[in-house]
Amino acid sequence: EKEGFPLRGKLSLDFGYQTGKPRRWVSLGPYAQLVFDKQTDYGQLYSELTIRNNYAYQIEKDSNAIQKRYELDTIFRELYWKKAFGDTTLTVGKSIVTWGKADLSTVIDIISPIDNSGSLFAKPEEIKIGQNLIKLDWYQANNEFNFIIVPIASNNIQTETGHPYATV
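Converting from the sequence shown to my numbering requires adding 12 to each position, the first position being numbered 1.
Treat the hints as calculated values from the structure; they're not laboratory data.
Watch out, some of these pointers could steer you wrong.
In silico BS3-like pairs for lysine-lysine, Cα to Cα no more than 30 Å straight-line [to be verified]:
hint : residue 1 : residue 2
1    : Lys-80    : Lys-135
2    : Lys-135   : Lys-50
3    : Lys-50    : Lys-140
4    : Lys-147   : Lys-73
5    : Lys-140   : Lys-33
With beta-carbon atoms standing in for the labels, derived distance ranges [unchecked claim]:
hint : residue 1 : residue 2 : range
6    : Phe-17    : Ile-87    : 18 to 28 Å
7    : Gly-32    : Trp-93    : 43 to 53 Å
8    : Lys-135   : Gly-32    : 18 to 28 Å
9    : Ile-71    : Lys-135   : 14 to 24 Å
10   : Pro-136   : Asn-167   : 33 to 43 Å
11   : Gly-98    : Gly-16    : 18 to 28 Å
What you are looking at is a predicted structure, and each value in this text was computed from that prediction instead of being measured.
Ideal placement from N, C-alpha and C gives every residue a C-beta, glycine not left out.
Start from the sequences, fold in the hints, and give me the full structure.
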């Protein structure tokens, strides 16, 4: 695996139709979730990217502004460099912080923001997004200590006014 290709993921076609009111296409088009994970002597370079091209907005004749903003949706969920130094690990970049075993619970994991733009239809792996941070983890016996600095905060992703599923 050391010589393996560091990119993996899934490519699919998304089809989602809402049968209630309003009756409309929710998603229609190609979808990719890609993970780049490269281990080197200088540390780990990791990135997780979600790309969706959703033609439902065109079919449902949503406004041009909504089509332009949401038809091609590209989200870097994580993009960080990590290096271990003995009992200490340094992480720099955009990373999802999960302290609890229930990693979808935003009550426990308050550092990482969430993507609310498709919360009614989201796949579980799309809910959380990374926080811009510098993280220092120290492991000693059965204990783990974390020190996190967030120099430029990422916020929850919300849909804008005019979106068919706007929450604002």
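Status of each hint after checking the structure:
For the suggested pair Lys-80 and Lys-135, the alpha carbons sit about 23 Å apart, so the restraint of at most 30 Å is met. Restraint check for Lys-135 and Lys-50: the C-alpha separation of about 25 Å stays at or below 30 Å, so the hint holds. Distance check on the hinted pair: Lys-50 and Lys-140 sit about 22 Å apart at the alpha-carbon level, within 30 Å; holds. Between the alpha carbons of Lys-147 and Lys-73 the distance comes to roughly 44 Å, so the proposed pair goes past 30 Å and is violated.
Between Lys-140 and Lys-33, the direct Cα distance comes to roughly 28 Å. Compliance with the 30 Å bound is thereby established for this hinted pair. Between Phe-17 and Ile-87 the Cβ separation comes to about 23 Å, which falls inside the hinted range of 18 to 28 Å. Between Gly-32 and Trp-93 the C-beta distance comes to about 45 Å, which sits within the given range of 43 to 53 Å. Range check, Lys-135 to Gly-32: Cβ separation about 20 Å, and the 18 to 28 Å hint holds.
Between Ile-71 and Lys-135, the C-beta spacing of about 21 Å keeps the proposed range 14 to 24 Å intact. Between Pro-136 and Asn-167 the Cβ separation comes to about 21 Å, which falls outside the hinted range of 33 to 43 Å. At about 27 Å, the CB distance of Gly-98 to Gly-16 agrees with the hint of 18 to 28 Å.
Hints 4 and 10 from the earlier list are contradicted by this structure; the remaining hints agree with it.
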